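**Student:** Just so you know, the sequences run in chain order G and Y.
So for the first sequence, my numbering puts the first residue at 4; every next one is plus one.
So for the second sequence, my numbering puts the first residue at 63; every next one is plus one.
These are calculated hints, taken from the structure and not from any lab test.
Being a predicted model, the structure only gives us computed values, none of them experimental.
The C-beta atom is built at its ideal place from N, Cα and C for all residues, glycine as well.
Among the chain Y residues that face chain G by a calculated CB cut under 10 Å, a handful are:
{"hint": "1", "residue": "Gln99"}
{"hint": "2", "residue": "Leu108"}
{"hint": "3", "residue": "Ser117"}
{"hint": "4", "residue": "Leu159"}
{"hint": "5", "residue": "Phe165"}
{"hint": "6", "residue": "Phe166"}
{"hint": "7", "residue": "Arg171"}
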Amino acid sequence: DAKTTQPPSMDCAEGRAANLPCNHSTISGNEYVYWYRQIHSQGPQYIIHGLKNNETNEMASLIITEDRKSSTLILPHATLRDTAVYYCIVRLGGQNFVFGPGTRLSVLP
Amino acid sequence: EPEVTQTPSHQVTQMGQEVILRCVPISNHLYFYWYRQILGQKVEFLVSFYNNEISEKSEIFDDQFSVERPDGSNFTLKIRSTKLEDSAMYFCASSDLRAPEAFFGQGTRLTVV
Numbered sequence: 004d005a006k007t008t009q010p011p012s013m014d015c016a017e018g019r020a021a022n023l024p025c026n027h028s029t030i031s032g033n034e035y036v037y038w039y040r041q042i043h044s045q046g047p048q049y050i051i052h053g054l055k056n057n058e059t060n061e062m063a064s065l066i067i068t069e070d071r072k073s074s075t076l077i078l079p080h081a082t083l084r085d086t087a088v089y090y091c092i093v094r095l096g097g098q099n100f101v102f103g104p105g106t107r108l109s110v111l112p
Numbered sequence: 063e064p065e066v067t068q069t070p071s072h073q074v075t076q077m078g079q080e081v082i083l084r085c086v087p088i089s090n091h092l093y094f095y096w097y098r099q100i101l102g103q104k105v106e107f108l109v110s111f112y113n114n115e116i117s118e119k120s121e122i123f124d125d126q127f128s129v130e131r132p133d134g135s136n137f138t139l140k141i142r143s144t145k146l147e148d149s150a151m152y153f154c155a156s157s158d159l160r161a162p163e164a165f166f167g168q169g170t171r172l173t174v175v
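Let the hints inform the model, and build the full structure from the sequences given.
**Tutor:** Next comes the structure, spelled out in structure tokens:
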């Protein structure tokens, strides 16, 4: 079973920041937090991952709380093409990825 | 940008037939995975493969399924005696030792009729 909890759905206005929360209260010290997204029935697309520090790349920012029990994925300027299901996954290196139901983000014009 | 390639994109087969789904992982990646997603449901792990052997498999991955790396580039999933409930999207993924993220292919939609 997935070790994360996410809201089932969220809306965001186009051009605004989308902040997607994730709870992972049972995360262990060596587990990373990963974010993937799936647009329609395409293959899951890697977004970002982190261990303890906040991370940023060209797609998004990942904010991890100091106790590592929760995190937030931030899409700084959401576009219609960001409409997708977003998955938060915690994983040890080498293990498989366990997908939960994710958050269905709808970016509205 | 390197990507995981899956063929075919759509496969229709009759119940009871065998199918082979093919994947070309990203070059130099050493870990390979198969996942499936039944329509409207979540992505489910099937099997992971490293160093020419299965490293982990789920309860779904029973004797009906097998994986193989027949050469240096392909990674295949064989489903024997297909059933209606095997209809799903099947995703291949790969990762390497240095970068922990896995990259997924666009999937093969398997329809069993």
